[in-house]
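Dock chain P against chain V, hints included.
Protein chains: 2
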Amino acid sequence: MEANLLRFQSFPAIFTISRTKSQIFAVQIAPPLSKNCNFLAISGIQKNRTHSVMASASTGFKNASRIDESEMYNLDGIRSSLIRLEDSIIFSLVERAQYCFNKDTYNRDGILKETEKINAKLGRYKSPYEHPFFPNDLPESILPPLQYPEVLHPCANSINVNKIVSNMYFNELLPGLVKEGDDGNYGSTATCDAICLQLLSKRIHYGKFLAEAKFRASQVEYETAIRAQDSKKLEDLLTYTDVENATLERVKKKAETYAQVVYEGPSEVESKPVNKLNPGFVTSVYGECIMPLTKRVIQVMYLLKRLD
Amino acid sequence: MEANLLRFQSFPAIFTISRTKSQIFAVQIAPPLSKNCNFLAISGIQKNRTHSVMASASTGFKNASRIDESEMYNLDGIRSSLIRLEDSIIFSLVERAQYCFNKDTYNRDGILKETEKINAKLGRYKSPYEHPFFPNDLPESILPPLQYPEVLHPCANSINVNKIVSNMYFNELLPGLVKEGDDGNYGSTATCDAICLQLLSKRIHYGKFLAEAKFRASQVEYETAIRAQDSKKLEDLLTYTDVENATLERVKKKAETYAQVVYEGPSEVESKPVNKLNPGFVTSVYGECIMPLTKRVIQVMYLLKRLD
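Those protein sequence lines, which keep their order, are chains V and P.
Heads up: the first sequence at position 221 corresponds to 221 in full-length UniProt numbering, and the numbers run straight through without jumps.
Heads up: the second sequence at position 60 corresponds to 60 in full-length UniProt numbering, and the numbers run straight through without jumps.
Hint data in this document are derived by calculation from the structure and do not stem from the laboratory.
For each residue, glycine too, the CB sits at the ideal point set by N, CA and C.
Hints are supplied without guarantee of correctness; some may be wrong.
Claimed, not checked - In silico EDC-like cross-links for lysine to aspartate or glutamate, where the CA-CA straight-line distance does not exceed 16 Å:
no.	chain 1	residue 1	chain 2	residue 2
1	P	Lys113	V	Glu95
2	V	Lys113	P	Glu180
3	V	Lys117	P	Asp182
Claimed, not checked - Here are a few chain V residues that face chain P, going by a calculated C-beta distance under 10 Å:
no.	residue
4	Arg124
5	Cys155
6	Gly187
Unchecked claim - Stretch-level coverage of chain P by chain V, calculated; a stretch enters the list once three of its residues show a Cβ under 8 Å from a Cβ in chain V:
no.	region
7	90 to 99
8	109 to 115
9	212 to 223
10	248 to 259
Isolated chain V (complex conformation) (with noise of 0.2 Å):
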């Protein structure tokens, strides 16, 4: 009712838009259709989704008493969590590849950098998920602080590993993502760069809560590790080949399946897939840069400290 008067007020011309509102926003309205629509209620996505929002929650709770009681330190949850993000990384790729590599992009770290002092006013850095590219004169949150269970050791809050994710970004992942070249989009570049950079960040730091659960699961052969500062053994220890290969399995399908261009064409067309991006492309950045990332970077990294 409220957007119908708005309607009439701002644009007194488009009255066939309001007389037929009831039938333009039946759908809305329908309860089979919402209810589709949740799709949280879709058996297996709830628990991803549950642990997605503590994964993301960047901005605190209406109650700022609340306290976030996923199982941070749950394997399963953990990885529930990184399989929704993988789609996220997915899609962001796929948007990213429709511009040129546009290395004159004018003010690239400008769009990133504003982005993180907003996040940071909504609380975003307080998360122990999200990381700043650019920690530096970030503002105060403006909500009331989220508590969040201490889950890790104290040396997590030292570990930002961004200027390696940036330059794995630009240096090696773009050039093999995008066309070489220069095509004005100045502005959508940056915005892409921000939004894959937030999520490489995001996925690759994933990675302490990894170890820490992986910590927590067998203590003992861990700590003998850790005291032996021997990093192969560590690196050894948190290896779980047949969880990498589903991972990059899955990968796989998801690129095949969110990077296809869906015709409206003759089925002759529709029988030869295109992709936006090529799958064995996303693999490999998988295979070769997040997880190598995750695991030989921020997980050692993070359990050499964690006896300290």
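Only chain P this time, still in chain V's reference frame:
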């Protein structure tokens, strides 16, 4: 190399990454993959992209005197841009769907407002394809102006229906898309809302170019209806039922593809694909919100003033 150095400087412990760099990043360096990743070369996408570039050209070009030479008023070209935009819109809805409504999201407008200020500095709103939600107090562009050919009648500058877009989104679309209630993800919610709103706004305001293209294609018929200020007649002239049906078909197929949950699990699970949102809902959003707003509001509004 620079990446390597930086890694060593910042994180002496992570030699494992650096040591295996050649293997780690082989994928991005290998010409075949880069070539595959250049999805622009894929037949059928080139044109789409050329236009999508123009569609989102938002920051000016390296060469300030360069003139946008896309066939902005070629109906096929415009439709190609809209087809690519469908993917981005569906991605953005899927991403938003993972969070609750979060009606208490603090400073929900704030992120969009701030984002628009940054975008304005990058010249986004000099583009005839872009329309701010908060046009007051936007900073000037810091980039040399990009010269757009004057495709549209000057009346186009006075048409901005983002108040309608915003009301449609928050009052009608969102309630059908997300779960009611509050999950605390205010920052992520505000970011997703900003992205959805900007994409919907761009898609809907494209109606100005659609209307201009259709007008140029059968000027005499349109002029008669315009002189009579006959909205109904204009709406009839603007309606290409076959194109509208094809769009709804394609959007449904895209939503089925991009919103599906990809499993790693057993095949009997895979045989029952589950979606992160209801594809029928996306079709309804297009058929009952986006397309009517584009045609009945933007195109009719523009044409009624086309001969002023």
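Comparing the hints with the structure gives:
1. P/Lys113 x V/Glu95: violated (22 Å)
2. V/Lys113 x P/Glu180: Judged against 16 Å, a Cα distance of about 32 Å means the pair is violated.
3. V/Lys117 x P/Asp182: violated (24 Å)
4. Arg124: Since chain P brings a Cβ to about 5 Å from V/Arg124, closer than 10 Å, the hint holds.
5. Cys155: Violated - the Cβ of V/Cys155 stays beyond 10 Å from chain P, reaching only about 12 Å at its closest.
6. Gly187: holds (4 Å)
7. 90 to 99: holds (count 6)
8. 109 to 115: Coverage by chain V holds here, the residue count being 4 at a Cβ distance below 8 Å.
9. 212 to 223: Our answer is that it is violated, as 0 residues pass the Cβ test (under 8 Å) against chain V, missing three.
10. 248 to 259: Per the Cβ count (6), the hint holds.
Hint violations for this structure: numbers 1, 2, 3, 5, 9, all remaining hints satisfied.
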